[in-house]
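Peer 1: Here is what each chain is made of, one letter per residue.
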Amino acid sequence: MANGEERVIVRLTNVDKSFDNEKVVKKLNLDVKEGEFLTMLGPSGCGKTTTLRMIAGFEQPDEGEILLGGVNVEGKKPNERDVNTVFQNYALFPHMNVFDNVAFGLVEKKVKKEEIHTRVLEMLKLVKLDGMEKRMPSQMSGGQKQRVGIARALVNRPKVLLLDEPLGALDLKLRKQMQGELKHLQRRLGITFLYVTHDQEEALTMSDRIAIMNSGILEQVGTPEEVYNQPQTKFVADFIGESNILEGYVEHVYEDAIGVTMESGKARIPETGYESEEMVYLCVRPENLKLDTKPHEGFSLRGRVREHIFVGSINKTMVELPNGQMLKAETPAEDELMPVGTPVNIYWNPGKVVVMRTKEEMIYNIIERSVQIEGMPNDPIF
Amino acid sequence: MIRSFKKHMGAWGTVGPTVIWLGIFLFLPLVYVILITFLTKNAYGGVDFSFTLENYRNLFKSEYIKVFWDSIVLSLETTVICLLVGYPFAYILANAPRRWKNFLVLLLMLPFWTNSLIRTYGWNTLLRTEGIINHFLLGVGVIKSPLEMLYTDQAVLLGMVYALLPFTVLPLYTSIEKLDKSLLEAGSDLGASRAHVFTRIVLPLTMPGIFAGSIQTFIPSLGFFFISDMMGGAKTMYIGNLIKNQFLSARNWPFGAALSIVLIIITLILMRLYTKVGSLEDMA
Chain A
1 MANGEERVIV RLTNVDKSFD NEKVVKKLNL DVKEGEFLTM LGPSGCGKTT
51 TLRMIAGFEQ PDEGEILLGG VNVEGKKPNE RDVNTVFQNY ALFPHMNVFD
101 NVAFGLVEKK VKKEEIHTRV LEMLKLVKLD GMEKRMPSQM SGGQKQRVGI
151 ARALVNRPKV LLLDEPLGAL DLKLRKQMQG ELKHLQRRLG ITFLYVTHDQ
201 EEALTMSDRI AIMNSGILEQ VGTPEEVYNQ PQTKFVADFI GESNILEGYV
251 EHVYEDAIGV TMESGKARIP ETGYESEEMV YLCVRPENLK LDTKPHEGFS
301 LRGRVREHIF VGSINKTMVE LPNGQMLKAE TPAEDELMPV GTPVNIYWNP
351 GKVVVMRTKE EMIYNIIERS VQIEGMPNDP IF
Chain B
1 MIRSFKKHMG AWGTVGPTVI WLGIFLFLPL VYVILITFLT KNAYGGVDFS
51 FTLENYRNLF KSEYIKVFWD SIVLSLETTV ICLLVGYPFA YILANAPRRW
101 KNFLVLLLML PFWTNSLIRT YGWNTLLRTE GIINHFLLGV GVIKSPLEML
151 YTDQAVLLGM VYALLPFTVL PLYTSIEKLD KSLLEAGSDL GASRAHVFTR
201 IVLPLTMPGI FAGSIQTFIP SLGFFFISDM MGGAKTMYIG NLIKNQFLSA
251 RNWPFGAALS IVLIIITLIL MRLYTKVGSL EDMA
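Going line by line, the protein sequences match chains A and B. The first sequence: position 329 = 329 (my numbering), numbered continuously. The second sequence: position 5 = 5 (my numbering), numbered continuously.
The set of hints was computed from the structure by calculation and includes no laboratory data. Some hints could be false.
The following residues of chain A were derived to be distant from chain B, with all beta-carbon distances above 12 Å [said to hold, decoys possible]:
no., residue
1, 23
2, 43
3, 172
4, 179
5, 254
6, 322
Quick look at which bits of chain B chain A covers, simulated, 3 or more residues with Cβ under 8 Å [to be verified]:
no., segment
7, 182-189
8, 192-202
Glycine included, each C-beta is placed from N, C-alpha and C at the ideal position.
With the sequences and hints as input, model every part of the structure.
Peer 2: Okay, structure coming up:
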């Protein structure tokens, strides 16, 4: 940990998990700091829910350790762990009214009746369900049910609250509203939230930090700004927001910059630390991709305007590169549009590109491709 | 006019056959049975058409009260044992891996498709003094003289439980299978031990299944006669046997009919309870 003062409340070390010989979580290492709102984000089947279920105790890891508050919880049943879960399908007890649902955990802990009463009512007030304690779950809307689910978990004052896509079943407007309320609740109570979602916007708006997972692997952990502005992997760049990703290799290493050659052109990028011949990805957000009829210094990347898509406040312009790749550029709606078919120069402002080293498997891809075009003198593409 | 005629025709076209069927095969016989209860038996085993309430009065004779009492006790015992055996059975069945489930349910249903008389004879072969179990135990040397197992009240109870167990298990199975597994996880997540998850969540939520299973076991067990005949040696008289005897041996149809009516009334009351609980379950 960079900051030693912050306590780690959940630590996963080299956690592996398979179902039917299929690895769903691979060598996962993750620290959750006390009091933070950490979101595990990834497409469905990436292993994020399985990770959450291992922390809750519903699943046991095949390998590796899970520490809760510094204690290894191997072999501990869910009822012996100081965490509580909010389920996607609410999982409210249908035979109990709201009060009894929320009181369930406190009754198990043998808390005194009067204290249960005050704590339950207090919690219901916090989730804006005061006066509803006699209702049965079947008489409530989805949003209300999930408020009960949240209250039922939080009333136990867990070390960590685990939320498994809790807003997944709600409609968009209600989801937005609940996102705000959840964030508010977390700030107010100071309880660590470990939140699982596949909705990147939800993750960006609510979290202190985001852990992005893809096919069982943790791709990147960072603040929303970090994962958006400095994605470390191609997957993250692609998954968070929209990205234009260009494949290339470092042709020249200058003192303060590198010259990257792509299939469709060249660009000079003020970055250091790369070696000649190294394969890289360039990642440019659509709002940072600029189009101009005049050439720009340091760029020889040209394309043709193919399509304009009007989406309210902005225009999306699709530009086709000579190799057929489509790039997306966003401009404010009031800007004048270049007619479809116009040849354009593509550029971006310094610092608005993220350079990523490609993984080895990608290098092989490109080497394979270059083998195919071997023997062609003065390769027309470069 | 024509329109309403057509409408009625449509209704008769669809419901008509059922009404006719039920009328001929349920309603008329029932009316006939009720009618007979008010008639007098004659010396030749038939009925004389002279009105009497004698048959109903006879029901309150102490020997018949005892028959009813014994029957109800036996049925209750059967129901309770079926529940105790059937609940874990149904629980395992409902939680079995998917590919095993259908096979296990098939195993449960299989005996159903064989004649119940033949199955009861099977028990006789096992239990009687020169039966397989006694042979085995004698051969092994565990016992010196054969055990008296057949023709006891326990044998009847065993036979009843065996015959009615599927009636208990199937509603329980449906009820347990319907149970949302995430509720069990939620319970455990909130600090409940396995025992508490069972008593606070599983048991209350499967109550409708327990109730349905009990009624579906209790009702047929009241009317069974061949098991107590074959495995109890008719030592203790139950309603089913009594009714059978009135019709076949004693040739007292009016009294047999009166007994049947009592049985039907008990059944109807229980069915009413059953549907009431059923509608409660739908509300939840």
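Peer 1: Next, verify each hint and record whether it holds.
Peer 2: Going down the list of hints, with the structure as the test:
Residue-level check passed: residue 23(A) sits 22 Å from the nearest beta carbon of chain B, beyond 12 Å. A cut-off of 12 Å between C-beta atoms confirms that residue 43(A) is not in contact with chain B; the least separation is 22 Å. Against the 12 Å criterion, residue 172(A) stays outside the reach of chain B, whose nearest CB is about 24 Å from its own CB. The Cβ of residue 179(A) lies farther than 12 Å from every Cβ of chain B, with a closest approach of about 23 Å, so its non-interface assignment holds.
A cut-off of 12 Å between C-beta atoms confirms that residue 254(A) is not in contact with chain B; the least separation is 58 Å. Consistency note on residue 322(A): stated as away from chain B, and its beta-carbon is indeed over 12 Å from all of that chain's, at 53 Å minimum. Check on the segment 182-189 of chain B: 7 of its residues sit with their Cβ under 8 Å from a Cβ of chain A, so the three-residue criterion for coverage holds. Evaluation of the coverage hint for the segment 192-202 of chain B: fulfilled, as 5 residues show C-beta separations to chain A shorter than 8 Å, against a requirement of three.
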